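Top line first, the protein sequences correspond to chains A and B.
So the first sequence is numbered by our numbering: it starts at 1 and just counts up by one.
So the second sequence is numbered by our numbering: it starts at 1 and just counts up by one.
There are no misleading hints in this set.
Note that the list lumps identical chains together, so a pair holds whenever it fits in one copy or between two copies.
Restricting the straight-line Cα-Cα distance to at most 30 angstroms, the calculated cross-link-like pairs of lysine-lysine (BS3-like) are: (1) Lys155 to Lys103; (2) Lys155 to Lys144; (3) Lys79 to Lys103; (4) Lys79 to Lys130; (5) Lys103 to Lys165.
Because the hints were derived from the structure by calculation, they are not lab data.
Quick caveat: nothing in here was measured; it's all calculated off a predicted structure.
2 protein chains.
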Amino acid sequence: MRRIVFVLIVVAAVAGVVAYMVPASGQADGEAAPIFGVKIPPGYRDWRLISVAHEEGDLNDIRAILGNDVAINAYREGKLPFPDGTIIARLSWSYVPSEENNKVFGRPQSFVPGSATDWYLQFMVKDSKKYAATGGWGFAQFNKDGKPAGEALHKTCFPCHAQEKARDLVFTQYAP
Amino acid sequence: MRRIVFVLIVVAAVAGVVAYMVPASGQADGEAAPIFGVKIPPGYRDWRLISVAHEEGDLNDIRAILGNDVAINAYREGKLPFPDGTIIARLSWSYVPSEENNKVFGRPQSFVPGSATDWYLQFMVKDSKKYAATGGWGFAQFNKDGKPAGEALHKTCFPCHAQEKARDLVFTQYAP
Numbered sequence: 001m002r003r004i005v006f007v008l009i010v011v012a013a014v015a016g017v018v019a020y021m022v023p024a025s026g027q028a029d030g031e032a033a034p035i036f037g038v039k040i041p042p043g044y045r046d047w048r049l050i051s052v053a054h055e056e057g058d059l060n061d062i063r064a065i066l067g068n069d070v071a072i073n074a075y076r077e078g079k080l081p082f083p084d085g086t087i088i089a090r091l092s093w094s095y096v097p098s099e100e101n102n103k104v105f106g107r108p109q110s111f112v113p114g115s116a117t118d119w120y121l122q123f124m125v126k127d128s129k130k131y132a133a134t135g136g137w138g139f140a141q142f143n144k145d146g147k148p149a150g151e152a153l154h155k156t157c158f159p160c161h162a163q164e165k166a167r168d169l170v171f172t173q174y175a176p
Numbered sequence: 001m002r003r004i005v006f007v008l009i010v011v012a013a014v015a016g017v018v019a020y021m022v023p024a025s026g027q028a029d030g031e032a033a034p035i036f037g038v039k040i041p042p043g044y045r046d047w048r049l050i051s052v053a054h055e056e057g058d059l060n061d062i063r064a065i066l067g068n069d070v071a072i073n074a075y076r077e078g079k080l081p082f083p084d085g086t087i088i089a090r091l092s093w094s095y096v097p098s099e100e101n102n103k104v105f106g107r108p109q110s111f112v113p114g115s116a117t118d119w120y121l122q123f124m125v126k127d128s129k130k131y132a133a134t135g136g137w138g139f140a141q142f143n144k145d146g147k148p149a150g151e152a153l154h155k156t157c158f159p160c161h162a163q164e165k166a167r168d169l170v171f172t173q174y175a176p
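In isolation and in its complexed conformation, chain A is listed as follows (with noise of 0.2 angstroms):
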């Protein structure tokens, strides 16, 4: 009997802590993104948040910036560069006024995320050796069905955080 108990208690350990696990692990099927191979990362969509954004002009989107526990527990602790593992994904949805929220209020005040945008994800997969020619960095787009953008978007994504390098390539900082 306590051996019976012994191996259900291990069992339903393991399992706890894969289960815990899984939203935080690494790649998943489906289509990985050209040039860097990423792929969508299960559970995204529970990471934790990092931030939040609007961006004008061509963009005229609202974003949340959410990450994996290597990148959360990095950002947390002001650890530059990030390590190996962390995983930062940005979702971004068209900016709307919501006509709901502003009946209420009785002006235009409130705008909230409407349908996802072209290229709904994107993230950043920091690997310093597999990336190493690109500052530790793999990049990849996915439209809101998992589809990956082509090669000539994803050339574009280094050039431009290139530019970021006192915070290792990444724009989005911690929001308290």
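Given the coordinates of chain A, assemble chain B onto it according to the supplied hints.
Relative to the frame of chain A, chain B by itself:
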């Protein structure tokens, strides 16, 4: 030896379960907000993302809306009214241009969180019995140091939220 291993695994399993539950657990220490008696729930900054928004006008903030596990599950399942135990958190920061980002983009387009707003933290707590007089919701506002707003401000929450009856008094919709 087997007994020691057994005990260690039980301790590890219990610790794992407790550690996992902490961010989503109920009320914490700290000063309770007036009228509804809501305290800041522990681990709210680790909760999952519901949505983001920008409020213009007097508020002029950019915000993230996070939910505990009950809230996230209800949103994802489209469950209305929200079940007891739902807690929705709103974190807001001043809305400021990012000079760093704009330098890279070559134009003013990027708006990011500045400092915490005066009432940085808001919570809606669902308890259909305790808060029956206010649609089943308790409301609370705190500044960045965890100090609750006064009674007058807390009296303004329900009349405004009551106008969003079709969504169980909740303005924020889930950003997919």
